[in-house]
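Participant: Position one of the sequence shown corresponds to residue 1 (full-length UniProt numbering), numbered consecutively onward.
If you're looking for bench data, these hints aren't it; they were derived computationally from the structure. Please note that a few of the clues may not be correct.
Taking CB as the label site, the calculated pair distances span [unchecked claim]:
| no. | residue 1 | residue 2 | range |
| --- | --- | --- | --- |
| 1 | S236 | H302 | 22 to 28 angstroms |
| 2 | D313 | Q163 | 45 to 51 angstroms |
| 3 | E305 | V270 | 18 to 24 angstroms |
| 4 | P204 | P22 | 36 to 42 angstroms |
| 5 | L237 | S280 | 30 to 36 angstroms |
| 6 | T249 | E66 | 40 to 46 angstroms |
| 7 | I144 | A189 | 17 to 23 angstroms |
| 8 | A189 | D57 | 28 to 34 angstroms |
| 9 | A184 | R291 | 25 to 31 angstroms |
| 10 | G240 | V205 | 48 to 54 angstroms |
| 11 | H43 | D269 | 38 to 44 angstroms |
| 12 | Q163 | A199 | 54 to 60 angstroms |
| 13 | Q63 | G29 | 28 to 34 angstroms |
| 14 | S264 | R291 | 37 to 43 angstroms |
Even for Gly, the Cβ is constructed at its ideal location relative to N, Cα and C.
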Amino acid sequence: MLAAMRLLITGAAGFVGSYLPPALTRACGRDIEVIATSKTSGHHPVHGYVEALNVQDRAAVRQALERYAPTHVIHLAGIASPAAVDTDLRLAWDAHLGSALNLSEAILTHVPSCWLLHIGTGMIYGNSAKSGEPLGEDALLAPIDSYSASKAAADLALGAMVQRGLKCIRLRPFNHSGPGQSEAFVLPAFAMQIARIEAGLAPPVLQVGNLDAERDFLDVRDVADAYALAAQQAGSLEPGAIFNIASGTPRRIGAILECLLARSRVTIDVAHDPARMRPSDLPRILGNAARAKEVLGWSPRHTFEDMVSAVLDDWRARIAKL
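All chains should be modelled from the sequences, with the hints used to inform the complete structure.
Facilitator: Here it is in structure tokens:
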């Protein structure tokens, strides 16, 4: 007997993908089937097993959609960090726009009743953030780099595909963190340095760059909850619907560092590295998630302080295993 919902997740082995199964169970119940996919197949501590699916391979995407016939696709696969795009500008366009087109075309051809949940980013608002005001879904898309521009292109392309019958929901998460995130991101980068210092693996000096930028942070578990709620309610939503996923609270990077240092077990000095002292192109980025709260019934369950503690404890555990 088929499950009521069959959800195919792309990029399931990534950071957020590992948090989706419990969130989906909370939102959708247990009568669900999850097909976890990633670029390479193999065993996974949360999913059990992930199937191989390269979303940039048009034929492979068609075959997967025809084989699994999902009721929902949650499209997480993509470039995780904007910095990864610096050395290969085409990489982001293939990964973001190309994969979105591959999935939408395959859905329309093989499973036209399937809902596509596209995971974008709040970074697509770009220069609109310079207003300093919380950004709603109607804010102008003004991306400032290839990473966010390619995400914006995918978002817009899927909006156009709705006119051809695509059932799509576009989610735009702002910054989020939690255990398991790469040190390529600011909060785990600080936490990793602190954990190494506590373990005696580095001198008690933390090297930092620009601490003045303000960002809107959420716990990754709350972000996963939002995706799960959108999947659960997809049938009652307007195709093409857009939801910001954000806390609505700006956090200065320096204040985040102070929050981590307050939890350190040793005294740590902070040194400003001139090589890292670059002014932010977007000093303040803040999202308005009122629509997600009103329509989806979503609201964050975890405090910022809980998230910070969880990330630091995660890095302590990782360093202890070295």
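Participant: Which hints from the list above does the structure break, by number from lowest to highest?
Facilitator: Result: no hint breaks.
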